[in-house]
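Q: Please take these sequences and the hints and turn them into a complete structure.
2 protein chains.
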Amino acid sequence: MKNLFHDIPTELPEQAVEVLVETSGHRIERIVSQGHASPEGFWYDQDQNERVSVLKGAAKLRFDGDDEAVEMRPGDFVNIPTHKRHRVGWTTPDEPTIWLAVFYGG
Amino acid sequence: MKNLFHDIPTELPEQAVEVLVETSGHRIERIVSQGHASPEGFWYDQDQNERVSVLKGAAKLRFDGDDEAVEMRPGDFVNIPTHKRHRVGWTTPDEPTIWLAVFYGG
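Chains as they are written, first to last, in the numbering used here: chain C, 346 to 451; chain R, 346 to 451.
Hints listed in this document are in silico derivations from the structure and should not be mistaken for laboratory results.
Glycine included, C-beta positions come from ideal geometry on N, C-alpha and C.
Please note that a few of the clues may not be correct.
[What the hints assert, rightly or not] Pairs of lysine-lysine residues, derived as DSS-like cross-links and limited to a Cα-Cα distance of at most 25 Å, are as follows: (1) Lys401(R) / Lys347(R); (2) Lys405(R) / Lys401(C); (3) Lys405(C) / Lys429(C); (4) Lys401(C) / Lys347(C); (5) Lys401(R) / Lys405(C); (6) Lys405(C) / Lys347(R); (7) Lys347(C) / Lys405(R); (8) Lys401(R) / Lys347(C); (9) Lys401(R) / Lys429(C); (10) Lys401(R) / Lys401(C); (11) Lys401(C) / Lys347(R); (12) Lys347(C) / Lys429(R); (13) Lys429(R) / Lys405(R).
[To be verified] Simulated coverage check for chain C against chain R, where a stretch passes if three residues somewhere in it have a Cβ under 8 Å from a Cβ of chain R: (14) 370–378; (15) 396–404; (16) 409–422; (17) 436–449.
[Said to hold, decoys possible] Calculated Cβ distances over 10 Å to all of chain R for the following chain C residues: (18) Pro354; (19) Leu357; (20) Pro358; (21) Asp392.
A: Structure (structure tokens):
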């Protein structure tokens, strides 16, 4: 995979996570979702900071304690500090949503 | 700036570099070019690794010692190891080229 928009799996029973770069304390992933959401009641609770952007598609991200989801469209990005609990509430069901996530520090 | 495709400067006498995240040993930048190229004979020679992608527009990246430039289109990315000398040979003159660069390690 040398292009973030290519090599999209045609079947996505689970989100497809590919690690593009990994060094000590630093990891870059491309994530492809299509209609995926985190299980009800599940929260990501990470030891690292995450800076994540949506490059294609759309998503709703939920933070624990917030009433409203954060809607993400292509180009939108958020910084998620260490241990800030969050989940994916929704991704586009009819086309792939492509995320670029950078994990660092922590 | 909360969207990588928004807030593009209308005049770009120089490339516009915005640091999105910076921690010790880790930096994420959005870079906007339009017709910019590195000066003839100039080479970037960096203490950190760089993983850079083109999100919009197009560019040609040159590596010292290579005969051919690497053409980059939206979604294309390359990993540039520490001290691998490189320069920007060309970017789209008629529209902005948007890069996302992650510097790490080194």
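Q: Now, for every hint given, state plainly whether the structure supports it.
A: A quick look at each hint next to the structure:
no.	hint	result
1	Lys401(R) / Lys347(R)	holds, 16 Å
2	Lys405(R) / Lys401(C)	holds, 23 Å
3	Lys405(C) / Lys429(C)	holds, 16 Å
4	Lys401(C) / Lys347(C)	holds, 16 Å
5	Lys401(R) / Lys405(C)	holds, 23 Å
6	Lys405(C) / Lys347(R)	holds, 15 Å
7	Lys347(C) / Lys405(R)	holds, 15 Å
8	Lys401(R) / Lys347(C)	holds, 16 Å
9	Lys401(R) / Lys429(C)	violated, 31 Å
10	Lys401(R) / Lys401(C)	holds, 12 Å
11	Lys401(C) / Lys347(R)	holds, 16 Å
12	Lys347(C) / Lys429(R)	holds, 19 Å
13	Lys429(R) / Lys405(R)	holds, 16 Å
14	370–378	holds (count 3)
15	396–404	holds (count 3)
16	409–422	holds (count 5)
17	436–449	holds (count 3)
18	Pro354	holds, 16 Å
19	Leu357	holds, 18 Å
20	Pro358	holds, 24 Å
21	Asp392	holds, 14 Å
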